[in-house]
Amino acid sequence: MAPSAAPTQVKEPFPISRIANRYLLFSIDIISHCRRNHNICGMLIGTIPNLSQQNVFLGIPLELMPEEARVLVEKGAAYIVDDEEVHRKTFGEMSREERLKWLEEVDKRGEEVTRGTENLKEMRKEKALKEKGLRRELLEKRECSVSESVASDATVQVEANEVSALGLGFIMKGSSFTDDSSIASASTVETALFDPRPTSPSPSAVSSTPKPATTQKHFVTPTTSYPPLPTPALDSNAQLPAVPKSYPLFRYLHSLGYYHMPGLRFGCHYNSYPGDPLRYHSHFAATGLGWDDEFDLLDVVGGGRLATGTKKAYMIGGEDASVVKKKASANAGAGLFSDYSQESDVREVRAFSIEWAAL
Amino acid sequence: MTSLALTKPAIVPAPLQEAFDALDSNSFDASHLPQLQSLAVQIQHNLQFQHYWADLHVHTHSPLTNEPLPRPLVSGLPPQRIYIHPDEQVELLKEADRKRKANKAAGEGSGLQVKAEPEREWILPTRLNEKWTLRRLAEVFDAITFVPSPPGTSASTSDRPENPWRTTKRLLLGTIDSDSTVVYYIVHDGVVKPRQN
Chain D
10 MAPSAAPTQV KEPFPISRIA NRYLLFSIDI ISHCRRNHNI CGMLIGTIPN LSQQNVFLGI
70 PLELMPEEAR VLVEKGAAYI VDDEEVHRKT FGEMSREERL KWLEEVDKRG EEVTRGTENL
130 KEMRKEKALK EKGLRRELLE KRECSVSESV ASDATVQVEA NEVSALGLGF IMKGSSFTDD
190 SSIASASTVE TALFDPRPTS PSPSAVSSTP KPATTQKHFV TPTTSYPPLP TPALDSNAQL
250 PAVPKSYPLF RYLHSLGYYH MPGLRFGCHY NSYPGDPLRY HSHFAATGLG WDDEFDLLDV
310 VGGGRLATGT KKAYMIGGED ASVVKKKASA NAGAGLFSDY SQESDVREVR AFSIEWAAL
Chain X
3 MTSLALTKPA IVPAPLQEAF DALDSNSFDA SHLPQLQSLA VQIQHNLQFQ HYWADLHVHT
63 HSPLTNEPLP RPLVSGLPPQ RIYIHPDEQV ELLKEADRKR KANKAAGEGS GLQVKAEPER
123 EWILPTRLNE KWTLRRLAEV FDAITFVPSP PGTSASTSDR PENPWRTTKR LLLGTIDSDS
183 TVVYYIVHDG VVKPRQN
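Going down the list, the protein sequences come from chains D and X.
To convert, take the position in the first sequence, counting from 1, and add 9; that gives our numbering.
To convert, take the position in the second sequence, counting from 1, and add 2; that gives our numbering.
Keep in mind that the hints were calculated from the coordinates and are not lab data.
Fair warning: there could be bad hints in the mix.
To be verified - Far from chain D, by Cβ distances over 12 Å, these chain X residues were calculated: (1) Lys10; (2) Gln44; (3) Asp57; (4) Asn131; (5) Arg168.
Stated by the list, open to error - Stretch-level coverage of chain D by chain X, calculated; a stretch enters the list once three of its residues show a Cβ under 8 Å from a Cβ in chain X: (6) 125-138; (7) 236-247; (8) 298-309.
Owing to the predicted nature of the structure, the values given are computational and were not obtained by experimental measurement.
By construction, the Cβ of each residue, glycine as well, lies at the ideal position given by its N, Cα and C atoms.
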């Protein structure tokens, strides 16, 4: 496997795009930054529009759960951007010069990609030749002779002689071809074989790229809007992502360093992993509840049994609103209610891990 | 009519019924509703006769505050250890491996013997048709000690567990259905990683 490129520095806070009430990340750098430094995985949802598939082979954008977006915003690591509005406004204001500059930039990227694929092709060709026991020089010489056949008479002669000595030798064996012109014509026949386009001494033939005519140009579709647009400004009035009632449990587990995946597969709200989900097995199937929400014991039995069967623990948890209030007032009047702040044992969020007793 | 009372009844009541009768006659406690008391007795009976638990007690008051518990709880000693924390299990296995090697060196061949002494546990009796909330579950946990001690003995002596791995409170949630099936689930007060089954 190729070594991954050094992570690009992501400046915090970074923008999270809100589009149709979904929280999306489009930049691969930000996505990897989230996973590396904030234990936020999200779900890749990008697919081919006319061949959508529900599998793991999906690409950017990355959709964040509202809880994940909220945690990032509350940490001050990110902020929410109403993408639709920003796009409408800023692209409308974009000047012609900026637009052309950006198009040029995209063109340049396309050329880079072309060069990259070209190099890859060369490498593959070389490998295949080596496997078959053929020498690369042979092919190279042929191609060189083809492209340079029009350059000058002198080189043509030399190349053609080499051609006859190496690859085309078997054709000319026995025949005493010493006439320069006939050899030259033979090499042009070769040209027609390898390159359907007639070679002409046009200036494009003398470009820095080895074979510009044979490869197709790539057109790059940018996946991010910032750039070309400048990163939108932090809007302090932007409201926090609306989160479900299970959010306190998510925030609590996230603060303990757990990674989370959606819990649908195990009939809960979150699957909590002690490390990166690609590396670790899930520890908890967690369901967040309100402090006074009633739950059925049958759900506890079902969740507990399923979780134990899949080497997890079922977890229920929630936030005690009264403790939050007490702590807030204790912090407000630090001197007056200092007894509360000293009670470190009082927990705002409580979680209960449930396992089958095998009894 | 004394002769009738002395004769053996035609139908002997079930042991559980006898336990209920005993509850009615002597130790009636006004702090809890009778159905909760009989529930605790039923769970106690199940543990004693189906799972061979020993030293079973019904607790009506919190060992920490001496206030009445949200409902009567049961405590008891299981025949084998009910819960081994995964980290403790690792330690126990290492210890067992060390002993096995020592035995081998001494010439006695023996397998890996993991020794985990049984520990006393709290049991929370519930009925399947009940609804619970996190608040009530938290209240139960707030009222119990780490390791139960028989009612009457002072709680302070055994508040801290002897087992260093027992760092969070835990209880056994015993849920009984109307067909008298009882299921038991371990509930930890906090984030406790699962066992490696």
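Going through the hints against the structure:
1. Lys10: Non-interface label stands for Lys10 (chain X): nearest chain D Cβ at 36 Å, farther than 12 Å.
2. Gln44: The assertion about Gln44 (chain X) holds, with a minimum of 15 Å to chain D.
3. Asp57: The claim holds: Asp57 (chain X) sits with its nearest Cβ about 17 Å from chain D, beyond 12 Å.
4. Asn131: violated (8 Å)
5. Arg168: holds (14 Å)
6. 125-138: violated (count 0)
7. 236-247: Result for this restraint: violated, n = 0.
8. 298-309: Satisfied; 11 residues make the cut.
Violated hints, in rising order: 4, 6, 7; the structure is consistent with all others.
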